[in-house]
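Undergrad: Sequence:
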Amino acid sequence: MTVGTRRLLWLAVAAAATLTVAACGSQQSATQQAKTPPGVTAKQITLGATQPLSGSASAYSSLGKGANAYYQYVNAQGGVNGRQIKYDVLDDVYTPSVTPTKARELVEQDKVLAAVGNVGTPTNLAVRDYYNQQKVPQLFVNTGADTWGADYNKYPWTLGWQPTYVTEGKIYAHNILQNEPNDKIGVLYQNDDYGQDYLHGLQQGLGSKANSMIVS
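Residue numbers (the working numbering): 128 to 343.
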């Protein structure tokens, strides 16, 4: 099983698990049902995400396709307490200036229960304040930046799920030291939190050899 496949599986399973809680309204009283959150009706649960469906990062659109395939499987089995899952994925082109508009569309027009599986570090950071102000769960963000979960008191509605990029960078460094300890390393990284976290992890993992091994 590839890393990409594992990520798709974990995202789909984890997201589906949250729906059971959301759908408990089927067994509630009329008074309790009146308090059902946005995105949940007697027949449907609406989730959403912002992902790069076009542009240079469009390969990550497979994350949404994989999650939706699992939701369709759940729907074919009768849904969640009889409710069908609808998954609205909007294209933010992996552009932080575009993501807030798409997030507002999900929350204010589509009335989603939660944003599940948004892709990207800078794009998720661009809307974290908004989701928390609106008290709309920003769940299982597809980014390994170490900021997710670091300030849970300020951002209780935001949840990461995957190993941090710093951790991944350390793992790569460990492998390099084991197999090619005398080689030089050229590093090309994205100049934002995403790329810098990877670089820091690689440097930390290489330890005292970082300065001599990393040439750029």
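Where hints are given, some of them may not hold.
To be verified - Simulated pairs of lysine-lysine, DSS-like, Cα-Cα distance not exceeding 30 Å:
1. Lys311 <-> Lys336
2. Lys336 <-> Lys281
3. Lys262 <-> Lys311
4. Lys336 <-> Lys262
5. Lys238 <-> Lys162
6. Lys170 <-> Lys192
7. Lys213 <-> Lys238
8. Lys170 <-> Lys281
9. Lys213 <-> Lys162
10. Lys238 <-> Lys281
11. Lys311 <-> Lys281
12. Lys162 <-> Lys311
13. Lys170 <-> Lys213
14. Lys192 <-> Lys213
15. Lys262 <-> Lys281
16. Lys238 <-> Lys170
17. Lys281 <-> Lys162
Hint data in this document are derived by calculation from the structure and do not stem from the laboratory.
Undergrad: Hey, Lys192 versus Lys213, does the alpha-carbon distance stay inside 30 Å?
TA: holds (13 Å)
Undergrad: Assess, step by step, whether the Cα of Lys238 is no farther than 30 Å from the Cα of Lys162, and give holds or violated.
TA: With Cα atoms ~15 Å apart, Lys238 and Lys162 stay inside 30 Å; holds.
Undergrad: Are the Cα atoms of Lys262 and Lys281 separated by 30 Å or less?
TA: Status holds; Cα separation ~12 Å.
Undergrad: For Lys281 and Lys162, compute the direct alpha-carbon distance and say whether it is at most 30 Å.
TA: holds (25 Å)
Undergrad: Decide if the proposed pair is consistent with the structure: Lys336 and Lys262, CA atoms, cutoff 30 Å inclusive.
TA: violated (45 Å)
Undergrad: Between Lys213 and Lys238, is the straight-line Cα distance small enough, at 30 Å or below?
TA: Roughly 11 Å separates the two Cα atoms, so the pair holds.
Undergrad: With the threshold set at 30 Å, check whether the alpha-carbon distance from Lys162 to Lys311 stays at or below it.
TA: violated (60 Å)
Undergrad: Check whether the Cα positions of Lys170 and Lys281 lie no farther apart than 30 Å.
TA: Violated, at about 34 Å.
Undergrad: CA of Lys170 to CA of Lys213, is that 30 Å or under?
TA: Between Lys170 and Lys213 the Cα gap is close to 10 Å, so the pair holds against 30 Å.
Undergrad: Need the status of pair Lys311, Lys281: alpha-carbon distance at most 30 Å?
TA: violated (41 Å)
Undergrad: Given the hint that Lys262 pairs with Lys311, does the C-alpha gap stay at or below 30 Å?
TA: violated (48 Å)
Undergrad: Under the criterion that the straight-line Cα-Cα distance not exceed 30 Å, is the pair Lys336, Lys281 satisfied?
TA: Violated. Lys336 to Lys281 sits at ~37 Å, over the 30 Å cutoff.
In summary, the structure is inconsistent with hints 2, 3, 4, 8, 11, 12 from the numbered list given earlier, while agreeing with the others.
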